[in-house]
Structure formats: C-alpha cells, structure tokens
Amino acid sequence: MASSMLVPSVFCSPPSPGCIFRRRGGSPLVSFRFTSSGSERKKGFNRLALSVSAAAADSPPSTVLVTGAGGRTGEIVYKKLKERSGQFTARGLVRTPESKVKIGNADDVYVGDIRDIGSIIPAIQGIDALVILTSAVPKMKPGFDPSKGERPEFYFEEGALPEQVDWIGQKNQIDAAKSAGVKQIVLVGSMGGTDLNNPLNNIGNGNILVWKRKAEQYLADSGIPYTIIRAGGLQDTAGGVRELLVGRDDELLKTQTRTIARSDVAEVCIQALLLEEAKYKALDLSSKPEGDGIPTTDFKDLFSKITARF
2 MASSMLVPSV FCSPPSPGCI FRRRGGSPLV SFRFTSSGSE RKKGFNRLAL SVSAAAADSP
62 PSTVLVTGAG GRTGEIVYKK LKERSGQFTA RGLVRTPESK VKIGNADDVY VGDIRDIGSI
122 IPAIQGIDAL VILTSAVPKM KPGFDPSKGE RPEFYFEEGA LPEQVDWIGQ KNQIDAAKSA
182 GVKQIVLVGS MGGTDLNNPL NNIGNGNILV WKRKAEQYLA DSGIPYTIIR AGGLQDTAGG
242 VRELLVGRDD ELLKTQTRTI ARSDVAEVCI QALLLEEAKY KALDLSSKPE GDGIPTTDFK
302 DLFSKITARF
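Numbering follows the working numbering, with no gaps: position 251 of the sequence shown is 252.
Hints listed in this document are in silico derivations from the structure and should not be mistaken for laboratory results. Computed from a predicted structure; not experimentally measured. Careful: at least some of the hints might be erroneous.
Just the calculated beta-carbon pair ranges, DEER-fashion [said to hold, decoys possible]:
1. GLU84 / GLY127: 17 to 25 Å
2. PRO296 / GLU159: 41 to 49 Å
3. VAL102 / ARG310: 37 to 45 Å
4. ASP108 / GLY182: 19 to 27 Å
Every residue, glycine too, gets a C-beta built ideally from N, C-alpha and C.
With the sequences and hints as input, model every part of the structure.
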C-alpha cells in the first residue's frame, strides 16, 4: 500500500522560520512556518522537500495479509510481496498446516479457518491491507471415465460450500479487517456474476458466483477502501508478457479474450495496493493472447480506464 503523506502548509503569526517534523497517528506530518521573506520561503520549501523525502524513506513497509495463500494464485501474490520487502511485509493465511509447509513454512504464515472468525483474528491484527483470495473449490466425483464419452460431475465437500466459503468466509474476513482498522482490501473474484445461468453456478449446485457477488457487495458497502478484481479464466502461464484488458458487467465474456495468467492477476493485486487510482473500483480482468498487443506496464493507466464502483 502506498504510504500516505500529510504535508500541510502552516502559516502562523507571528512568522518564524523553522521546520517541525513529527508523527501523528502513524502518518508523517510536516508543519512549516514561513517568514514573509521570499528568500526565506524558498529555503523553507527546500527544507520541506528534504524533510518529506526523509520521512518517506523512513516509512515502514505496509503489512499485507494474503488469505488463500496456499492456493495457486494466492501463493504467487504472497511470494511477490515477499520479493518486494522494501514496500511490503507479507503475511499469509492458509487453512491447514500442510498448506503452510507447502509455501515455505515461514513464521509469517498463519493457519486459520475463514469460516471461524476467531481463528483468523491473529493473522489480521496489525495489518495495513488485506488481499482476499479464498474460494470454494469443487471436487470431481469418482468414477469418471472420459473414454466412455462421459462428462465429469463435481461436488463441494460438506462444510465447504460456496455459501460457507465465498459468502460467510469472506464476510468474516471483511468484518475482522474493519474491526482491526485495515486501510484497504483487494478481493479477487470471477467474471460471470451478472448471469444467474452462468455454468459456474451449476457446479455442484453451489451458485458460487451468486455468493461471490454477495460478498463483493458487502465489501463495497463496508466503507473500507477496496478494489474488486473479477478475473477471467485463470491460466498457469508466465505473467508480464500480455496486454491486460479491463471491463465491467461481464463485457469481456462476450469477446475472445476471456483468460488471464495467474501471475498477471497477482501483479494487478499488488499494483492495486500501490495506486490511488485502484481504490473504490470493481473491474473485470483478462488479457490478449501473448504476442498480440503490448505487454501492460502502466497500471495507473489500466486502473484509470475503470470508473465503476461495483
């Protein structure tokens, strides 16, 4: 998350030169008193700039929790944050000790169940931002034989239905984050939520997009600065080599560009933590095929293309 710098110009009487630097709340505050002399004002601005630069350099990295860090996309976000230790202090939340071991078994990875709000509070306490990458995952029913022309059937395990994971579990995360004073939430969902008849809703009769959409609306109504990223079909391919596309209301599903690399989704999550242009926005996200278009590097411009709050 980008550091917030409060730099008011304070004009007072009687005028006296000098720069006062202090912290208020955790945000740097620079107050400057000017004399009426033009040369003194110029010197004052120079000293102010130096103080602001020093304060920015002294600002600690933002602490960011990635929930669902044991998943394929969540693990990428968690590891990308750790690679940028100058900007972020990464935390991860996984559901099982086995998942913690799988992603490195570091002390900054917590084990908790998002369906039990009490179990996730230790991971959320003291963070600045939350990236939600939890999702119900369907299982394939046994006995599927593709050689017979059969279509696979799926189900959700007892207690792990989309209503329990994508609605109650995400609501718990949002509530815990709000109570802890978290400053921003990035939530990764899926395109297709505008269509009740979307095939994803039929998987295991789980209505997964319905419950995801309900959680997204809850976040948008929470008052916490947010970015909702509704990703297209996720691919396990290299990131940073495609032109990314943003849209709204499932417009991209009507095109031939409906997929995106997990690594690109992860990068957009991280950029959302850094850029004001990403806040209070909901966007659909996909990409052009590799080699078609120019790989996206200007994420400020990407977020600026979207004005929709939901």
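### Message
Flag every earlier hint the structure violates by its number, smallest first.
### Response
Nothing - there is no hint that the structure violates, so all of them hold.
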